[in-house]
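> The residues making up each chain are set out below.
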Amino acid sequence: MTDSEYGWLLAGMVVVTVVPRVLPQWIWREGAGGRFVQAALGLVPFAVLGALLVPGMWTGMAHTPPAATLAGAAAAIWFAWRDVNVVLVVLTAIGVHLAVSIGIGA
Amino acid sequence: MEKLVDNVDKVVSKSRAGRVDMHGIENNRRATGGFPVESGISAGECRAEAVHNPRTANVCSHVVRAPRQGVGVRRRRAGGAGSRSCPSGRGKERRGACRRHRQGLHAVAKFDTIGALYFFINKGGHAMNKAGWRQGVAAGIPLAIGYIPIAMAYGVLAATLGIPSWFIAASSILVFAGASQFMVVNMIPLGATVPELVMTTFVVNLRHLLLSAAVAAKTPPATSRRQRTVIGALTTDELFSLITLRAERYVSAGFILALGVVGYTSWWLGTIAGLLAVHSLPPLLADSMGIGLYAMFIAMLVPALKRRPDARLVTALAIGGHAVLASVASALGLGPGIALLVAALAAVVAATGIQEVRR
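So the protein lines, in turn, are chains A and B. Okay, so the first sequence: first residue is 1 according to my numbering, each after it adds one. Okay, so the second sequence: first residue is 1 according to my numbering, each after it adds one.
If you are wondering where the hints come from, they were derived from the structure by calculation, not from laboratory data. Treat the numbers as computed from the prediction; the structure is a model and nothing was measured. Heads up, the beta-carbon is just placed ideally off N, CA and C, and yes, glycines get one too. It is possible that part of the hints are untrue.
[Stated by the list, open to error] Restraint-style ranges between C-beta atoms, simulated for each label pair: (1) A:Trp26 <-> B:Pro309: 17 to 25 Å; (2) A:Arg29 <-> B:Glu248: 31 to 39 Å; (3) B:Gly353 <-> A:Ile102: 21 to 29 Å; (4) A:Arg82 <-> B:Ala316: 19 to 27 Å; (5) B:Ile141 <-> A:Ile102: 27 to 35 Å.
[Stated by the list, open to error] Listed next, the in silico SDA-like pairs over lysine to any residue satisfying Cα-Cα at most 25 Å (straight line): (6) B:Lys306 <-> A:Trp78; (7) B:Lys306 <-> A:Val37; (8) B:Lys306 <-> A:Gly56; (9) B:Lys306 <-> A:Gln38; (10) B:Lys306 <-> A:Asn85; (11) B:Lys306 <-> A:Pro55; (12) B:Lys306 <-> A:Ile77; (13) B:Lys306 <-> B:Arg249.
From just these sequences and the hints, can you work out the full model?
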């Protein structure tokens with residue numbers, strides 16, 4: 001790709017990213033949609049986070065050993081269940097993943 | 001000068017009464033009652049006065065910091081009339097320096113980028129909750145520490161795929177959407193065209209409609225449109241999770257903005273760090289850093305599920321639904337973003353329906 005193609009790509013990416021992000025903030029009105037929508041919105045984070053994790057975690061980490069990904073995820077779940085700080089969860093998962101990767105000689 | 005001393009007395013007596021928080025910028029504005037603008041007293045004069053009267057020295061710093069004279073008014077006031085009250089406005093440079101005093105740009109210089117952005121976002125006149133802003137910055141630190149390894153991984157990966165450095169840095173600064181950035185740099189070496197790449201980004205980012213709507217529902221109704229726009233532009237999976245998983249009905253706009261700004265800053269700083277470290281970072285470590293993103297999702301989801309057992313059903317439905325849908329998505333011609341959006345929406349509708357029926 002040429003530099004100008006990269007420039008157009010960048011401009012296009014900015015537009016298609018900003019519009020879906022800003023639009024709901026502009027059109028949102030208090031109490032919109034009634035009780036059902038309000039109840040549903042409370043459940044959205046759980047659904048989105050669950051869907052982001054599975055199967056994204058396996059496909060996103062497909063270039064690394066599956067055992068390392070599994071071990072990293074298990075460590076993260078264990079620490080998160082014990083209410084450990086997010087930073088520690090992240091660093092532990094990276095550490096465990098790296099250790100297992102080295103261990104199995106990836 | 002009498003006017004100044006009067007004003008200073010007022011401010012000092014207010015602060016003695018304990019009603020003024022000398023450190024809060026919003027409070028400063030209230031404390032000075034627009035002092036620097038309405039009284040026509042410049043910071044220079046104030047400083048000059050402070051030399052003779054040490055009592056006013058403290059107040060002077062408030063004059064300098066007054067947000068009314070923030071970044072927003074720079075252009076309007078940069079004219080010749082602006083140097084009217086500058087006591088030492090002889091040389092061009094001197095006048096420039098004085099202008100900076102009066103317009104509070106010193107305040108911006110004293111803060112970091114985040115502080116400058118605070119001024120910019122807040123200049124619409126809608127007083128933002130400074131305490132919320134501070135808490136947001138604090139809450140953003142784990143977010144930043146989660147982002148930096150992922151952003152570095154992005155910089156390293158993109159550079160090793162032969163993408164120009166300027167594009168890698170600019171995509172993090174201007175686009176700020178991790179998942180689609182990763183996807184695009186993976187597709188470029190495969191020979192994807194610009195329209196294909198933009199369409200992919202659009203499809204991957206469509207889920208932001210859902211995320212942003214949920215964040216909008218948590219944004220206080222009184223939030224100005226400018227602030228809503230900035231919040232929207234800074235909405236990511238992580239900001240959304242941190243905001244929408246909070247128990248309170250509304251989260252202060254300052255808190256959301258601070259979180260967004262900290263996350264955004266760490267994202268592009270991390271990308272640039274990755275670009276700089278591309279030759280020195282062991283590839284194995286770069287690979288492992290990729291798991292940081294998912295670990296962050298786990299760290300948000302698991303404790304929230306402990307607190308809200310009623311949300312376990314929707315999580316299980318979304319995980320199952322997305323696992324199935326993602327495996328057949330390419331056969332159905334669905335992009336990865338659409339599959340996620342459909343699976344999450346279906347899970348939410350189904351779970352809400354079941355909840356309503358049970359009631």
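> Going through the numbered hints above, which ones does this structure break? Give me the numbers in ascending order.
1, 2, 3
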